[in-house]
Amino acid sequence: MAISFKQIEDKLKTEAKGLLETGKVSLVLAYGKGYDEKHPMPYAAKNAADAANIVFNEYCAANMARYLVRYPRGTKIAIAVKAADSRAVIQLIQEDKVKREDLVLLGIPVYGIKNFKTGEIIDSKTTGGLYNPVLYDILLGEEVHGQPVNSPYDVLVQYEAMDNEARWVFWKKEFDRCIRCYACRKACPMCYCDPCFIDQNKPKWGEKSPDSQGNLMYHLTRFHHLAGRCIDCGECSRACPVDIPLYLFHKKVAKECEEMFGQAAGMSIEDKPVLVNFRVDDSDKILA
Amino acid sequence: MLKKTSISEISDLAAQLMGKGALIAPVREEAGFNFREISDAKQVDLNFYNTIISPKSAFFPQTEDFVRYQTGKDILEATPVELNIKPAFLFGVRPCDVKSFEIMDIHFTGTGAVDPYWQKRREAAAIFGYAFDLNTPADGADFYSTLGIGAADPEGSDVFMIKKGDDLLLKAITPKGEKLLAEMSVLSDATPDDLNYFDDTVAAGRAFKTRFTCVEAKPIAKKFEDLFGNTEFWEKVSNACLSCGACTFVCPTCYCFDICDETLFGKGTRRRVWDACMFTDFTLEASGHNPRTKVYQRLRQKVCHKYSYHIRKYGPISCVGCGRCTRACPVNIDIFSIVDEAMKA
Amino acid sequence: MSFEPKILGIACNWCTYTGADLAGTTRLQYPQNLRVVRVMCSSRINPSFIFRAFQLGADGVLVGGCHPGDCHYNTGNLYARRRLAVAKKILEFSGIEPGRFRVEWISASEGNKFAEVVTEFTQQVKNLGPQTQFKISQ
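Chains as they are written, first to last, in the working numbering: chain D, 1 to 288; chain X, 1 to 345; chain P, 1 to 138.
Any given hint could turn out to be false.
Straight-line distance between alpha carbons at most 30 Å, and here's what the computed DSSO-like set of lysine-lysine pairs gives [claimed, not checked]: (1) X:K73 to D:K11; (2) X:K176 to X:K222; (3) D:K125 to D:K17; (4) X:K236 to D:K38; (5) X:K236 to X:K218; (6) X:K344 to D:K33; (7) D:K33 to X:K86; (8) X:K73 to D:K204; (9) D:K285 to D:K204; (10) D:K24 to D:K46.
In short, the hints are calculated from the structure, not lab data. These figures come from a predicted structure and were not determined experimentally.
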């Protein structure tokens, strides 16, 4: 079964129009026209007329969940979510950044979404191995079945096989390229701290200038802050102007968290994020 | 003076330039090309469209150390960092980026306050401009022709290079370039045919079109002044903006920086690092007050600085249409689409 | 000269730090490579402390807290256990030898254990040699 992007686009438009007309929501977060076909932009439709500007095509990789925290609490928002994006919304609900009752989730079951910078299909790398939204109110289209099931952690094999020294050489090279534009943290739906720890002066956690020491501190701490919260949408890596594969590290941490604590991020609104939770019978083996 | 060399022998030219100073040229990296100082002549690769980060970093590096000091003593010992500048060759700069140096000169040397770091590096460097390939269409993000910059404009370069089949034609534009080319023994003399080709390409470059039609600076500046208080407009265009610094860091005409003191174990460095008006803490004051807390305010500052305040204060638009910000943007915000929309508003 | 590692110890006020005191008052011998910082609870330890310690030249980091269930604040060390486990995995995946970071539960009455752990850990770090990866060159 091939995905009809046009059909999803039409359904998105109809639902958005209906929701805005009836006043159920004051805002629909979806995709709009960019400067050309291949470069759609995140778009916020604010009235029924705006709904006609919504587009959806294979380049709509953006995770719209990151815009949720920008609006005042209590704003009624409808949001277009793909598989990984719906997990981001769940995670935000778990962290009480948004309320379930304020949201209408327009679920998009889809595969074959492409990175607009490289044209590469992102399915096998950064969708958490899912095609269907985990949580939705309205499903736009039919659930996807029969697509190859990717373990989200398959891409890690070659890095886990490296010895410590080789991994250090790999990451040092990657982090040294960082220009500290902070696109990764701004594109991340889970990075909503204001101010971010790296912008603090007292205490000063790391150097502000883009050299290896400050970059290492920034990235390692960010990986820790996203432990058990990263939902594998891959926005950090797609946003990076110098293509640092941050998603690999996030995946590794997510994998370890899943193994240690038996819970993946953003799968149920009943869960608590693993690092603000504990079990008395957590094994000391995890520290070994 | 017009000279030529075969593109397959470009590393010979590179090696000869490296004998005279630092050669800074596009190098293929993981994410694309970037200007780097060349250590091996074979690294020079002219099969690039344009670099990810602009060549401004050759004169205005992301991190520049000013002073080193020691703390913990009664008297603070501080020694300025010696500016060790050697002749440099900036090789393969696209015409729009060459134009950007002219705009940056206004800020670093043209307003009375002279930045010695920029000035000395700039004086020590010879610029080898390189025409865009007119046989391939311009990248969808570029709009240099909109701002009146040709795809093969030699102005501003010391030597200008145009590709002709398997050959590279090099023409000296300034006396500095003239002297340099005369010293390059690996180059051969060009034929009258080559000279015609060179002139034709420069002319064809002026006719080469990127997105949007040609614009005039003054009406845009005026329009943005009128639009300043139109919050609705700015909120609309900044809806998608993440307020990261990707656009400003890749931009050839963004020059904002921060001075920070970084001290460890009693030893410190006062250094200048790039800063971006898109960051929340860019305008944060010591009192805790922040005049630009909203994303739309920061995007408005960026667009208006380039397309309004700069025109009023210094004349030219502070943008060369290289398209880097549009390509680097994680959410595909296109600065000229904002200008276009403003003109229609 | 043989290599003497610098080891940062971060000890909780109620158990491990008191345990270290006990080791001292009972005149137990253990290597002097450990520099102890006292915190009120192991859950006060921000993982960035550990990353920063390695950057500032620590060859090893030893964290001590109360035994799970014995936390002075009831649940502090249960949070810390998860947090520090993640920090350890991050260090490991970034390419630092996992043996340079260790978490131990040492109660106020376990002066012996404190001395043993420090001796053993110091030897372990000694065998690994100087930590060069994270360390900021001066």
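Do the hints match the structure? See the list:
1. For the proposed pair K73 (chain X) and K11 (chain D), the alpha carbon gap of about 71 Å is over 30 Å, so the pair is violated.
2. As the CA atoms of K176 (chain X) and K222 (chain X) are separated by approximately 40 Å, the hinted pair breaks the 30 Å bound.
3. Distance hint between K125 (chain D) and K17 (chain D) is unfulfilled; the C-alpha atoms sit about 33 Å from each other, more than 30 Å.
4. For the hint pairing K236 (chain X) with K38 (chain D), the CA-to-CA distance comes to about 21 Å; that is within 30 Å, so the pair holds.
5. About 24 Å separates the Cα atoms of K236 (chain X) and K218 (chain X), which keeps this hinted pair within 30 Å; it holds.
6. For the proposed pair K344 (chain X) and K33 (chain D), the alpha carbon gap of about 17 Å is at most 30 Å, so the pair holds.
7. As the CA atoms of K33 (chain D) and K86 (chain X) are separated by approximately 48 Å, the hinted pair breaks the 30 Å bound.
8. A C-alpha spacing of about 22 Å is found between K73 (chain X) and K204 (chain D), which places the hinted pair at or below 30 Å, so the restraint holds.
9. At most 30 Å may separate the alpha-carbon atoms for a hinted pair to count; K285 (chain D) and K204 (chain D) exceed this at roughly 33 Å.
10. With a C-alpha separation of about 12 Å, the suggested pair K24 (chain D) and K46 (chain D) falls inside the 30 Å cut-off, and the hint holds.
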